[in-house]
Amino acid sequence: MKKIIAIALSLFTAAGMYAADIDAIISSLEANTVYDTAYSESTMTATGSLGTTESSFKSWSRKNGDTLIEIDKGSDKGQKVLRQGASIFLFYPDAEEVIRLQGSALRDSLMGSDFSYEDLTGDDSISGRYTGTLEGTETVDGRPCWHILLTAKNSRETYRRQEMWIDTELNVSLKTILYSASGRALRELHAGGIRKIDGFNVATRMVMQDLLKKDSRTVLTIENVAINKPVDDKLFSRENLTW
Amino acid sequence: MTGMKNKRKQSGVSIIPAMAFRNLLRNRQRTLLSGSTIALVALVVCLIFALEEGAVSDMKNNVINDVTGNIRIRNEKYSENERIQPLRFFIPETESLSRQIEEIDGVTGTEQRITAAASIYKDDKIETAVMTGVSYGRTRLFTNRSTSFIEGNSSDIGKGQKTAVITQTLSDALNLHAGDKFTFFTRTAAGGSNGATLTVTAVVHLGDTDFNSMRCFMDWRGLSGFLRMDGNASEIFVYTRENMSDAESAGVVRNIQSLYKNSSAHTPLEVLPWKKTGSIYALFDLIDTVYFFIAVVFFLLASTVIFNTTMMSVLERRKEIGTLMSLGMDKYSIFGMILLEICMTAGVSALAGCAAGAAIITVWHTHGYNMYAAGGSAVGGMNLSAWIYPSLAFFRYVMVFATGVCIAAAACTVPARQAMKVEPAEALRTEN
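Line by line, the protein sequences are chains A and B. Residue 152 in my numbering sits at position 152 of the first sequence; the count goes up by one each step and never skips. Residue 220 in my numbering sits at position 220 of the second sequence; the count goes up by one each step and never skips.
Extracted from the complex, chain B is given alone in its bound form:
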């Protein structure tokens, strides 16, 4: 007797997928509504994750390439007094130290940097701007994928110490163009002031939009001379090989620290991996968490649609469910059948949503996505590029797919449990 029951159960279980599939096709509009909701949410979540991943990756790259390097070196007192532009606290023997650092295992290069507020003078008009001393041959500011030369080109920059590259904003403000001359004056490291006339060699729109304000770039050695910094720089950016672990990076930091401790210049230097130079890295982690919760909220909203359509389906099929139960299908098989209906719908839909998302993300990754046109200027100060190139790791697609199916399954447990409670005799007496 028990063996027969088991056999019947096994037989009932084996037909559940077929019944679930048939049920999905019976009310195609409802299935389409549930499926399209999941697909749409999966698509939107994929796109949001891709934009987030693209933006965070872009900001990380820009911070490392343009603001700190993988490791940033400063005079300790410079950081302590950063608010008042303490140019006199430069890095002694900048060039010699840079050369020694480049010999450390894992270091791929260095870049010297000076930043100073200045007044730009042209035809009796004065504008406040930022003078940035860069190593033309080493800086990554002008090689960013999103950087464009409005006037001049990359071969024009760095020809002579009295030449400058200016941003489009500065060009517009003072009507300056390639070949024009302008005079700047600024406070020097010695506390006095100095000025010089420079020739514009190029007008640029930089990929890192934080550098597109009123800014002027010139050779750092030239600027160091004008600012009475004795041929030294305020910062050295150290670039390390790609994918270096935090532990390896800490090793390079220790090597750099031992270099200057053994040198004749006894100025205490601050040597920090880029992740410790500000709060932006912590922000990246926070962004990840925030976006995960946004995705969950989207799926929860979608689950309300799943819940409603499944509940409606169960109520409409009470007589049918009662019949199945009277024919011997147990309540767990009923529960499983309804759950399977939703899982099949959610699985196919989430897969379709992820596939559509992957197609759009591929196009974005190839051609770029204009963040500023989409309101990206609101995050100024975070080193975001105007154009980002979104991408999404494979595990993220798997995560979106799994989250979609799981939340849909969770949403249908209440209607499925309702179906389990159907009394066959009572259900058979009802009209529908």
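In isolation and in its complexed conformation, chain A is listed as follows:
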């Protein structure tokens, strides 16, 4: 969730409007994504070839990328997902063990949606993990955007390449394409419904498409967001999962 908020949240700065070099664009974007804590309540509607499912969840995250997602509505109600570093821990009410996922499993779907664990959890920083190049300016949804290309510095990154179209005024990525190590486009994210909340520009409606699936899309709507408000550190412990 933090990742999505990171993509969606940007500071509305005049500097961003005129930033023409890649470092300045990334710094501006990162400035919007670096926050101490975030809490959100969201609903998700996943549509695929087999039908539509709806769910809702709460999400807590903190600066180092630790994230907790608690599903409170839908068929997966009661389940929890904890992100700690490069690991995901899954709690199922009927399971006595907490399941740990790592590596490529982070690209697996969350709640049967087009969002992966990686998309909704983890570290948001860009400059430390990716090298960027400015590809030019383009218009997305009628808005002027910087088109940038990010290449992972580390082969362990879930997405080895990312393409972003960042609104030059709002510093929100309106469109993002995520690629695998082989250069194959895996997912495409469109952000919209941008509202100013707690001084941040927040994209409250995101549409993710898993490009490897036919006729598949997930709409995520953020109903409520709180940024930089105190969050109990215990939330991010494995012990808390089973309580």
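These aren't lab readings, by the way, just hints derived from the structure by calculation. A portion of the hints provided could be inaccurate.
To be verified - Some chain B residues near chain A, calculated using beta-carbon distances under 7 Å:
| no. | residue |
| --- | --- |
| 1 | 86 |
| 2 | 88 |
| 3 | 125 |
| 4 | 183 |
| 5 | 190 |
| 6 | 191 |
| 7 | 192 |
| 8 | 197 |
| 9 | 199 |
| 10 | 231 |
| 11 | 251 |
| 12 | 284 |
| 13 | 307 |
For every residue, glycine included, the Cβ atom is placed at its ideal position computed from N, Cα and C.
Start from chain A and add chain B according to the hints.
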């Protein structure tokens, strides 16, 4: 004059069997060579047919008992999307429909089944496996003659919804034993995921070897709950009384179709007799044909030995044949005598071969034949049991016997015709 000739002919014909028998004993080594060839081929063909019959019968039983029932019911959309494990296309009102089906004349029982790919988690180790939801009291998986319980026993299975029976392969992979717990997680019918912890009650080596991969069995109602299938199953297997004809089976299919068409659940269901659920039945017919041709090839090879020994015999006995012809035996009697020699040899030998085959097949049928030790793993995916119990129908023995005699007789026609062409005067002038 004509009457005397006929009398002589009749007299010649009557001594032909005795002469043929005497000729067989004159060169016993050659007779033994011809006879042993036919006997060996008859034996081998009997054994091949028995193994084929045993294997096909075993596969048919396993397909019906473990994979489809006599009639298989599915949601139509499940079959259309089978490749992507479409659990959401279950059979609505599974239990109610099953009860109604059991009341149809000719139906002896039903079994509910769910199959789902899952990840098994134990001590930070994840293995991919297949979760199979079964009706413990109804499934025939664990009552197969070749099924063995490595740990636990049949009375231990099905005690509670959070218990599982696992295969020996899964047990070895995760070091799981009876009494141990493990957690599985899988994609649900609703598209999300779910997991649960189960206790192993038994470790089995199943008779149907296709089920011996990384597989875990649990009560289908429990699995249906975990998979958010609202207490329904993906498949219903319908068992009918034994030896039901295809026409009767089609009648049961029609009755089942009318049941769900009249029900409140308007989901189109696929109701198929087991023979139409896949290509395996057509394969069984093909196997029969292939094995028949293999048997013919064996006999044709044996016929080359018969041909050679008979031809040698005719060439060596040219003077004798010439003498017989000069004494009044006509060429057809000569032909008949040689043919009879081979038919007697082939008849006795084929009978001996079939008798030896029957003895071995009886032992196999009683104690079983280990197909896997004989390389049967090469036919994985065909629901073959590790141990099969070969048998051979009586008409097959008759067929082997008749084929052996006929092919031997056909093989000796050329040498016998050579004998018919012997000129008595010329033959009497030769040295031998």
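Hints, verified against the model:
no.: 1; hint: 86; in the structure: holds (6 Å)
no.: 2; hint: 88; in the structure: holds (6 Å)
no.: 3; hint: 125; in the structure: violated (10 Å)
no.: 4; hint: 183; in the structure: holds (4 Å)
no.: 5; hint: 190; in the structure: holds (4 Å)
no.: 6; hint: 191; in the structure: holds (3 Å)
no.: 7; hint: 192; in the structure: holds (4 Å)
no.: 8; hint: 197; in the structure: holds (4 Å)
no.: 9; hint: 199; in the structure: violated (10 Å)
no.: 10; hint: 231; in the structure: violated (14 Å)
no.: 11; hint: 251; in the structure: violated (34 Å)
no.: 12; hint: 284; in the structure: violated (35 Å)
no.: 13; hint: 307; in the structure: violated (65 Å)
This entry does not satisfy hints 3, 9, 10, 11, 12, 13, going by the numbered hints stated previously.
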